[in-house]
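Undergrad: Spelled out from the first residue to the last, the chains are:
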Amino acid sequence: MASLELGQAIQGEALMDSYSRGNPSARRIKRVRWGRGTALFLAALYFIVPFYAAMQFCLQDVNGHFTLQTFTQIAQAPGFYSALWLSTQLAVATMAIVLILMVPTMIYVHLRMPRFRRVMEVITILPIVIPPIVLIVGVDGVTPLWLKSSQWLLALIYVVLAMPYVYRSLDAGLGAIDLKTLVEAARSLGSGWVSIIWRVLIPNLRSALLSASVLTLALVFGEFTIASLDGWTTIPVWIYLTPTTNPRINTLVAMMALLGTALVLMLIVSFDRKSHLRRS
Amino acid sequence: MLMDTQTIRSTMTDVSPRKTGAPVVLENLTRQFGTAKALDGFTLNIAPGEFVALLGPSGCGKTTALRVLAGFERPDIGRVTVDGHDVVHVPAQKRDMGMVFQSYSLFPNMSARDNVAFGLQLRHQRSAPRRARADELLDLVGLSEHTTKYPHQLSGGQQQRVALARALAIEPRVLLLDEPLSALDAKVRAELRDQIRALQQRLMITTVFVTHDQEEALSMADRVCVMSRGRAEQIATPAELYSKPSTEFVAQFVGISSRVAVERNGDSVGLFGREVKIRGDVPQGTESLDALLRPEDVDVIVAPTGLGIITHKSFLGATTRLEVGIAGASVKADILSSGADVFELGTRVDLVANARDVLVTASRPTI
Chain A
320 MASLELGQAI QGEALMDSYS RGNPSARRIK RVRWGRGTAL FLAALYFIVP
370 FYAAMQFCLQ DVNGHFTLQT FTQIAQAPGF YSALWLSTQL AVATMAIVLI
420 LMVPTMIYVH LRMPRFRRVM EVITILPIVI PPIVLIVGVD GVTPLWLKSS
470 QWLLALIYVV LAMPYVYRSL DAGLGAIDLK TLVEAARSLG SGWVSIIWRV
520 LIPNLRSALL SASVLTLALV FGEFTIASLD GWTTIPVWIY LTPTTNPRIN
570 TLVAMMALLG TALVLMLIVS FDRKSHLRRS
Chain B
160 MLMDTQTIRS TMTDVSPRKT GAPVVLENLT RQFGTAKALD GFTLNIAPGE
210 FVALLGPSGC GKTTALRVLA GFERPDIGRV TVDGHDVVHV PAQKRDMGMV
260 FQSYSLFPNM SARDNVAFGL QLRHQRSAPR RARADELLDL VGLSEHTTKY
310 PHQLSGGQQQ RVALARALAI EPRVLLLDEP LSALDAKVRA ELRDQIRALQ
360 QRLMITTVFV THDQEEALSM ADRVCVMSRG RAEQIATPAE LYSKPSTEFV
410 AQFVGISSRV AVERNGDSVG LFGREVKIRG DVPQGTESLD ALLRPEDVDV
460 IVAPTGLGII THKSFLGATT RLEVGIAGAS VKADILSSGA DVFELGTRVD
510 LVANARDVLV TASRPTI
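Residue numbers (this note's numbering), protein chains in the order written: chain A, 320 to 599; chain B, 160 to 526.
The following block holds chain B by itself, in its conformation from the complex (with noise of 0.2 Å):
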């Protein structure tokens, strides 16, 4: 049985071993595996504390630059300190970091207590006071009732607790997630992420977590590091990130926009027959200009004169996407979905724009 967020917040009683994290900066770091470049000059201050995700499709070299902070991967150049101490040339196991993995990481020979117990035997503690803060720990994630089973009679989501539990038994001074919620069902994956969270605000440790799915990164994360071939695009809040996306891949990558060809009046567009104001730099030497848009942005009327037709209809719970096309572009627009039910495929539709202001980029040539 999973625990809630607030069961944890009402336990945590003597098992917070450190109160707040250690202040991370990774510095202009390049690592280079044959001639792909994993990391490209990623620079990222982490403040004590905080959870930061670092997001990015696959190859953008998010792993890679947890793994150089993780300490099994050195950079090429860079600097990483922890706590003010440059750590590039300290190993792995000096480093104090915790760290849970995307595959399943528990030692097969060990118990979930054992395995918890690990980072305490190898710091010599002895073995009554260990064994009851592995206990505290896996009550901590849930698993009171477990502590004897190994990792083969532990569900995937289960053996992610233990690790969780086994990476903070150590009191590390940064707890790093690779992806660990990535191998686990979408209601497991749910709690789970719930439930990490919870126990990083309590314990206010500094964490660094590597995932691809933004809904994780946006949910759970202080702060978001969008990364893109090896570099930062954008760091910043998760309300930030998805309403003022400062690049447009990260417009693109974070939550649905939509593409469409306007006019620029100054330091305004025309979309849908209003000025909307631009957001950030317009692209230099560019004469055509495309908006990209939220689905939040616009707003569908019916009108049988109307310029757009319903293309697309997908359910999606509270709300209701539409695609319509439009002008030769496809814009995808939320609705309520208790008033959904006048599109039907092939309705006749205006948009109107109702966003304040609006991500500009160069239009893409067409083929």
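With the rest of the complex left out, here is chain A (with noise of 0.2 Å):
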């Protein structure tokens, strides 16, 4: 009986074997399956080795081994911890601020002037388009004394940064849903705008938001330019203006700092996702 099933199975594996060598798309599926996966094994070392080859300089002294000393050389280096909390500051204001304008907005122009998308997706480029040396001075130009000593300066500089990104992702998030017709629904049964937006499209709304909330905290994170031309230390700021006696330190805040954008778009993602799953 066992040889019987033990032939049976080798009879249909020869079958499945000379079909796939016989049948031409069969042939294909399992190049376009080789071809996917070189590529994506190309593209992670593309990432993981530079990767690799800084977290080992981080991690080694100068004989060549293991140590966690640089972490505690980090949390002793003067102003880390104070470049870290305006970065912060700045990542969470900029996010609160473009949301809140960027929503509404997008939600106006989607309801009511559909024309206008194209108009606003060119404005919305300009941002990445030009030069931030042009857009520092020109801000400067432009902004009230009282402003120009405030941090709060930059969050509104990375606002129009974030543009761009923002966006793209609440434009791709609001021509995912119905949007016209879950508005008039919620006003039909009484809802005002404040409650529209609140309870009905935020909810509806929310992988658009999370994606472009850490599109701008990865901005935030990551900006350089304006935050020095303006004289504030952010993170980057202070990789580059820390002493290079110790170039690990600072090798190792610049992969922290991509680190934690990952861990947080991570944990948004799969929180979403458990979120999405539990509904389901």
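It is worth saying that the hints were derived from the structure and are not from the lab.
Be careful, since some hints might not be right.
As the list claims (entries may be wrong) - With beta-carbon atoms standing in for the labels, derived distance ranges:
no.: 1; chain 1: A; residue 1: W517; chain 2: B; residue 2: D344; range: 33 to 41 Å
no.: 2; chain 1: B; residue 1: I236; chain 2: A; residue 2: A581; range: 54 to 62 Å
no.: 3; chain 1: B; residue 1: S217; chain 2: A; residue 2: Y427; range: 23 to 31 Å
no.: 4; chain 1: B; residue 1: A342; chain 2: A; residue 2: F435; range: 27 to 35 Å
As the list claims (entries may be wrong) - Below, a list of computed lysine-lysine pairs in the DSS-like style, where the Cα atoms sit at most 25 Å apart:
no.: 5; chain 1: B; residue 1: K403; chain 2: B; residue 2: K436
no.: 6; chain 1: B; residue 1: K491; chain 2: B; residue 2: K403
no.: 7; chain 1: B; residue 1: K346; chain 2: B; residue 2: K308
no.: 8; chain 1: B; residue 1: K472; chain 2: B; residue 2: K491
no.: 9; chain 1: B; residue 1: K196; chain 2: A; residue 2: K499
no.: 10; chain 1: A; residue 1: K499; chain 2: B; residue 2: K253
no.: 11; chain 1: B; residue 1: K491; chain 2: B; residue 2: K436
no.: 12; chain 1: A; residue 1: K499; chain 2: B; residue 2: K308
Here a beta-carbon is modelled for each residue, glycine too, at the ideal position from N, C-alpha and C.
Taking the hints as your guide, dock the two standalone chains into a single complex.
TA: Structure (structure tokens):
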């Protein structure tokens, strides 16, 4: 009996094998799979090798032994905590301002001025096209004195810089829902605009809002030029300004910023997926 | 599982919120989008508790009329009164009208129960009664086992029933239905159609139903308003609309009509060897006339020397539709399927008019 089953299995396998050998579409699928795997592997190498090299550099002493000493050195380095605090404050403020500005605007444009979407797309690309030096000089020329000395000016500039990313995330999110019908359904039930945005639209735009927030966070934690020109010591500026007697510190902070952003992104995505699964 | 009409009637005990609806008057509404006039002096009076269907082809203005009534569009000219109050400047969220949309409009982030309770929550109703009322309404539409499900877990028909329950939960003065059945398959559509009608009759809620499906309009509504080019062509009961269309457009749009050239003799016309009275007005200043015939207005008789010839035959169930080519016209006639065997394609036949009166219109110019 067992030998019969084994015989059938072998026969089946042989059939499958001959099928995949003889069938051009099966061969094509196999080729595509290999191609994908190779591309993914090469891309992973591109990211992992430098990251691994940098981490190895940070986590070993001059004799090549593994050590966590660099972490304690970072903690003791002057100005690190204040730079981290400033970057965090700016990130939170930028996220809040850009979302408060962009969410109602985008909803309005999608609902009432769909033709204006093209114009808005072009406008939001401008911060990418205009060099930061031009931007800061321009901003400096029109900023009132009381705001010039405030760190919140930097947050306002970051709002402009974050617009292209926030616009695209929200545009995709709004395009994925039947905005007009949802809004009209809520209105017919007696809902005002604040309630519509808060109770109906934001929960359905969560993924778009999360990706917009993560992109803004990454932008604020990575932006150097404007912060430096404006005289604020954010994390990237701190990395640059810290004396290079121990380059491991600078490298490790840069790696931590990268890892931190990736971690936040993963946490948000997994939270989003979990809550989606819970609802399903 | 869908509830049948009888079950709805028997379960409707405490759920009926308001026993009579509000009267609605749409008066001389005009609404223009760019150069296109969606509404052009549209007027309609709806009695309390009446079910009126707005029927017409795409672009005739029926949805615009409904949206003006709902408050989503503002008319350029005209008045909308509900219960005697002009509501043109009242925003949609304050009009107290429940609406069911063509596309599935449930809030994806809320369960069926939360969707139904949404309007009640906005009216600051407390949690326990709100929940109880939502469950009651979901039970009413046959979805008591699906209260915790989210829209993506419900079928199209179930979603529309939740939407109906949600619209009814707020005890609206007027219920607005914007082609709510058009996205559903034929079987579910027929069941939900009966269910909506039964609910409306039980609640006696003033209802405006937009559709381009004449079968839906004729089977559900107390009165049907046929619209064309932003105007009401005819407002009548379904039976009157079908049997006595007042214009050529209505005759062509509602039901099936065949056009046959006729000669006028005073107040009647000669039709297949019989004199048939003219219904309504005869177009002035026209020499040649056409009669518009329903398929049941003519009998078909097999006659080897007959002037007509059967060109097409379609089985429709209880009846069979024949198309007879006669004197340059193509006339549709319905006969009982049980006696349809004798009528084969190419059979020679005679036609006999059996209508008491007939709508007459000016002949179309031949190209």
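Undergrad: What hints, given by number in increasing order, does this structure fail?
TA: As far as the earlier hints go, not one is violated by this structure.
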